[in-house]
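Going by this note's numbering, 257 is the number at position 257 of the sequence shown; the sequence numbering is gapless.
No wet-lab data here; the hints were simulated from the structure.
Be a bit skeptical, because a hint or two may be false.
Simulated restraints, written as ranges between beta carbons of each label pair [to be verified]: (1) GLY215 to GLY308: 17 to 23 angstroms; (2) SER197 to THR145: 31 to 37 angstroms; (3) ASN138 to GLY176: 36 to 42 angstroms; (4) SER197 to PRO159: 19 to 25 angstroms; (5) SER197 to ALA141: 38 to 44 angstroms; (6) THR145 to GLN170: 34 to 40 angstroms; (7) GLN170 to ARG322: 23 to 29 angstroms.
We put the beta carbon where it would ideally sit given N, CA and C, even for glycine.
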Amino acid sequence: MPPTNVYGAPAQSGTTPAGAPYAGPGSGSFPPQQTPYGAVPPGAGYPGGYQQQPYGAMGGYPGGPGMPPVQSGGKPGGNKKAVYGALIGVGVLIVVIALVLVFVLGGDDDPSTVAASSSKSSSATTSSTTTSSTPNANVVAGVPTSCAPGSPTFRTSSPNLEVGPIRIPQSALPAGWNPDRGSQLPFLVLSDGIVVSRPPGQNWQAQLLVGTLPGTFTGDLEAVGAKFLECLAQMPGFANTNVRTPVIETRRKSTLDNSPTELVLFRGRVPVSRGPIDADEFTMVIADTQPRSLAIGLSANIDPQSKGEIDEAIKETLFRTRR
């Protein structure tokens, strides 16, 4: 989308409070990745006092390829004394592994156009803090029924993209991208993002961020995600682009292995008319964390480089599961 900058607001803290562990979103058709920045190699504990239950991996999406989940374990072999020692050892060490998200580019789902909202979004405002009150959206059965811009996005001091229960490790982030200076997406209470100006000469930017949603968004996860995507067209970043109704081309549900945490992956496009650019393509994963959180990337349809970098980053997303 065209650059939307809001300057002067302080960066939010990149510190994640202690709680339930993060879980990688999936085992699937991608090979296992190397241990991410900030993660602990097998056999070591999680830094900063995280000594919780082991992390879970997400199973394959329905109809898509899968692979066995990565599991932690002790050293193979050994004598009985070593086995007994392991059984009576004090504490359980956490093995943190970044697991890959299953990306199903095609499937049984027909492309669907998100229904147009009956209400217009409010105008963009400049906030001096990213901890502003919950966006003013009507909520019925835990699902927003109207659109509202979220708090402006600002890059935190963390080397990762990280807010609350969601994180994209530094090792998965694309090189050469810049801190997001205040773009607004729907509903987000807190968000941490990066952008890059592409394609060259088009006054357009690709965007990657993680964010949290209001605590009242507790309804059907797929419906919440679909409403978020519908509202993209009403955000300030798409002003003067002849934006049309977003189209969801793929949606897939899954859960984390060893955890009831639900995930929904969306792929699609936001049609626009801006020179050679006729759509912003998006990839988004939304999770039933507490509060609910999402990772999303958008890039011009003529920008395959950014699209590839976004997909590589989002498939490494980690979620802190509910207790």
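Status of each hint after checking the structure:
| no. | hint | verdict |
| --- | --- | --- |
| 1 | GLY215 to GLY308: 17 to 23 angstroms | violated, 34 angstroms |
| 2 | SER197 to THR145: 31 to 37 angstroms | holds, 35 angstroms |
| 3 | ASN138 to GLY176: 36 to 42 angstroms | holds, 40 angstroms |
| 4 | SER197 to PRO159: 19 to 25 angstroms | holds, 22 angstroms |
| 5 | SER197 to ALA141: 38 to 44 angstroms | holds, 41 angstroms |
| 6 | THR145 to GLN170: 34 to 40 angstroms | holds, 37 angstroms |
| 7 | GLN170 to ARG322: 23 to 29 angstroms | holds, 25 angstroms |
In this structure, the one hint that does not hold is number 1.
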